[in-house]
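Colleague: One-letter residues, chain by chain:
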Amino acid sequence: MKVIKIDKSEFNAGLEKLENAYRLFGPVKEQSYYAFKALDAGEKPDLEYTNTRLSAKSLLYPQSEVLFEYSLDKSDADYAILKEPEKDYSPRAVIGIRPCDADAFAVVRRNFETPEYQDTYWLKNYDATTLVGLACDNPVPTCFCTSAGSGPFNEANLDVLLVDTGDAYLARVLTEKGEKLADSAGWTKPADQSEEDVSKRRSEAESKIKSRVNTENLKDQALTSLYDADAAIWEKEAFSCINCGTCTYACPTCWCFDVQDENYGKSGVRIRNWDSCMYPLFSVHASGHNPRGQKLARIRQRFMHKLKYYVDKYDKGIQCTGCGRCVRMCPVNIDIRRVCNQMNSYDPESCSCAVTS
Amino acid sequence: MTTYSDKIKEISKRLLKEGKVDLVIGFRKGSVPLMNQPMFAKNEGDVDSFVWDSNCGINLANYVTDRSEKIGIVAKGCDSRNLVVHIIENKIKRDQLHIIGVPCKAMVDRHKIAAMMPGEIESIEENEADGTLTVTGSGFSETLNKAGVLQENCALCMHRNPVLYDELIAEEVTEQNPEEVDQYAAVREVENMAPEEKWAYFDSLFSECIRCYACRNACPLCYCPTCFVDESKPQWVGKSVDPADVRTFHFLRAYHCAGRCTDCGACVRSCPVGINVRALTKKLEKDCLENFDWKSGLTLDKRPPLDTFRPDDPEEFIK
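These protein sequence lines are chains A and B, in that order.
With this note's numbering applied, the first sequence corresponds to residues 1 to 357, in that order.
With this note's numbering applied, the second sequence corresponds to residues 1 to 319, in that order.
To be clear, the hints were calculated from the coordinates, so they are not data collected in a lab.
Be aware that one or more of the hints could be misleading.
[Claimed, not checked] No farther apart than 25 Å at their CA atoms in a straight line, the calculated lysine-lysine pairs in the BS3-like style are these: (1) B/K42 to A/K236; (2) A/K124 to A/K87; (3) B/K13 to A/K236; (4) A/K124 to A/K210; (5) A/K17 to A/K29; (6) A/K8 to A/K200; (7) A/K236 to B/K20; (8) A/K236 to B/K7; (9) B/K112 to B/K198; (10) B/K29 to A/K295; (11) B/K233 to A/K295; (12) B/K233 to A/K266; (13) A/K2 to A/K17; (14) B/K319 to A/K29; (15) B/K70 to A/K295; (16) A/K236 to B/K29; (17) B/K9 to A/K236; (18) A/K17 to A/K74; (19) B/K93 to B/K17; (20) B/K20 to B/K91; (21) A/K2 to A/K200; (22) A/K236 to B/K112; (23) A/K236 to B/K91; (24) B/K20 to B/K42; (25) A/K37 to B/K112; (26) A/K316 to A/K295; (27) B/K93 to A/K295; (28) B/K302 to A/K236; (29) B/K29 to A/K208; (30) A/K236 to B/K17; (31) B/K42 to A/K295; (32) B/K302 to B/K319.
[Said to hold, decoys possible] Covered, in the sense of this in silico footprint (three residues per stretch, anywhere, with C-beta under 8 Å from a C-beta of chain A), are these stretches of chain B: (33) 26-33; (34) 36-45; (35) 54-68; (36) 208-215; (37) 234-246; (38) 261-272.
Quick reminder that beta carbons are idealized off the backbone N, C-alpha and C, glycines included.
Looking at chain B on its own, in the form it has when it is part of the complex:
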């Protein structure tokens, strides 16, 4: 991805030099394998730290919320969709942004790769030409097919190219064929469970949760000044690790994302204990598609179905 990184640096330098933006938001190489760190650059010197590879899974739209500067932002497909959502929801103005679009070649699943290796990973080399990753640690070195270790949301992604941008850093990538990707296999599996099976599934899904709120805080949609779990007058949710409270947090948060979630996977990526938080949001994405023919973050011209009212709504109860 050297060309991607170089191009990002080149564009960022130009934007800063020309004074088109006050800062550029991107990634720098992480201090541990499979991790990159979001950073901002305000001068050309900082720009040299920018990097792009398969570990840029954090959604950078999360870093522009309510900012007042002119911002250059490096955005892959899902980040650009969340920028659309942000603009629609008045969390940033379109003319504040210079979107440096990255045709995305998908991100790798850090939890999955770590779990596959026989020991501690020390370094990862990405070979873009043949689509492999060489993972090295003490006493082992394994070559993996990148396609086999993608974040699940990336494997299902239909919008790898940015949907909104000011310039692209490279030619667009070929999007996946919707006929060939079964978006909702995992959701259907849960839908088809018997009630008690479903209960057991959700029970185990959240059993590891330590309530650190990384999923919520990595999510660009979760920008409420005070989250419902943090309200104290009244207090809606208990704060212990009681399973009822843990589940209440996850279910309610997911519902707040309905019709807004772009399936960027930042929640799952950021979870320190690897909970598949997307199990909830993917179901809501499916419901929004089936009920409202809606996919979020694709256009600035339409309001999301759950924040609009139409007098000709087909549902009787709403009239």
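Same shape as in the complex, but just chain A:
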């Protein structure tokens, strides 16, 4: 692995060079919050941010995405033919993504790239993307990445990790994609004696994360006993839930979508939209029957999926990277850390679990 030193005074010049080879995306301040957006020519990402309000999910997986267009006009040469709209899969780079959000892409990929199913839209975007991460020096109280399979300096799913050392970034070039990007930017100056410095900063950042989830027993818990833990867990957690989609839309690892056809006169589109297992409509059958007709069943689904079904199916930890957005944004303060710890400590014999705040 190469480590390059980029003086901050030269960083923007590198980004300008990158504009020739990549479409750039990055965090930008909008009113009182940060959001990822496509950077205009000359626009710079604001790397002084903590994290964006919504995750980076939409960079690869827009909330609404047109899959096909069609014409219902018989005089049209393309009448009744489904045509994929032109999309831009040219190289793009995300500058300054946090490791938790980058790790979320690895989680989503497990579902979107399987032997049985490849989500071509997501994968094409993913393949076109180079992820330049920004190590997280100042995690906030809702961050729990270190116990959710990620970490403030986690490199697992990044192409480059930038470590802020004050007047320079140490760029840890982790993959071929990363090397290509560093070359395009003209970032070549090797950094000396960087390891010690980085590991000190990493330990400092990790020690600031006080909040955690306990996950060690999740795999061994009997699925059916967790599922049936209504009195101990689900009734209490479901009570306050208003069944909005905030947690699922804020979540970088929630991947569910709904497909809709929208007609406008004699033409139309097939479109996919983010969906949410919190909505009754999510699981309603054509017959009208809804297997998850009650909100208890829906909230149980969300947490069982993230913290049990996913754990059992992939054996790669939980379907969560600890970004804390659902904790911050839930209108009624349902806290996944609390739910996770209850599931982890649930004892079916006594029907009880440790409730932490």
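Given the coordinates of chain A, work out where chain B should sit on it, guided by the hints.
Modeller: Structure of chain B alone, referenced to chain A:
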């Protein structure tokens, strides 16, 4: 607010012990600053988690809809008004409820306070004696005047005391003087805009919407078994984030609340992206006041103007 919290616990324990109610609905302290979580208590042990402070802005009337038990419910002014609306609309029976009335000292605006601070808020201390909040985070500690950071609907509220209750937890608070509070300044500002200005205003108002429906689902009025946006036969509204569909959802939902909305602010409070959904409902509240001399949720004895018909209606078209 320790006295409020203690009194709520005391009453709840008594009600449960005497078997007057099957459960009590209230708030417990949230796991993050500026948030409390609605909860129910079925036994005296659970009751100890109840809390009352300036972060109880969620409307608890939303949690009694169509329930069959005997329910004790902690209710501030607006919650009690929505209980009135619920009773009128047959979503709960009066004799199922034991209303524990809370003379409300107004709730603080979580979006506003978060936006004012230079960094992430770690804790908030409320000092009731001098009406201040001390907000602390990494590298900062600021003391705010509570009156300056109220939810806008709370700053305008004329019914801080519950209008319907079985017992009050404290002496009534002094209501604001209607002469001194301009209810509709923000509405008039929009009314006075030129059409294109108005269009731009609504365009930007909803531009952040992610269609999570938190506003709808936090609203006690939105109890339809299937909301019009979720209907599929026929499908009235598209489901993407197309601005036309987003606006259709917000406008139609607001109209469904006309003459029923109590301006409790739960919609704005619950919006994860801080959209001022009240911009619509406040206008409809003003229209109902001007056209029908009507304020919702104040009495069980009158039906709301939009769900009644009178043969002597002054409007010609309706006869």
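Colleague: Output the numbers, in ascending order, of every earlier hint that fails for this structure.
Modeller: The structure breaks hints 4, 14, 18, 22, 26, 28; every other hint is satisfied.
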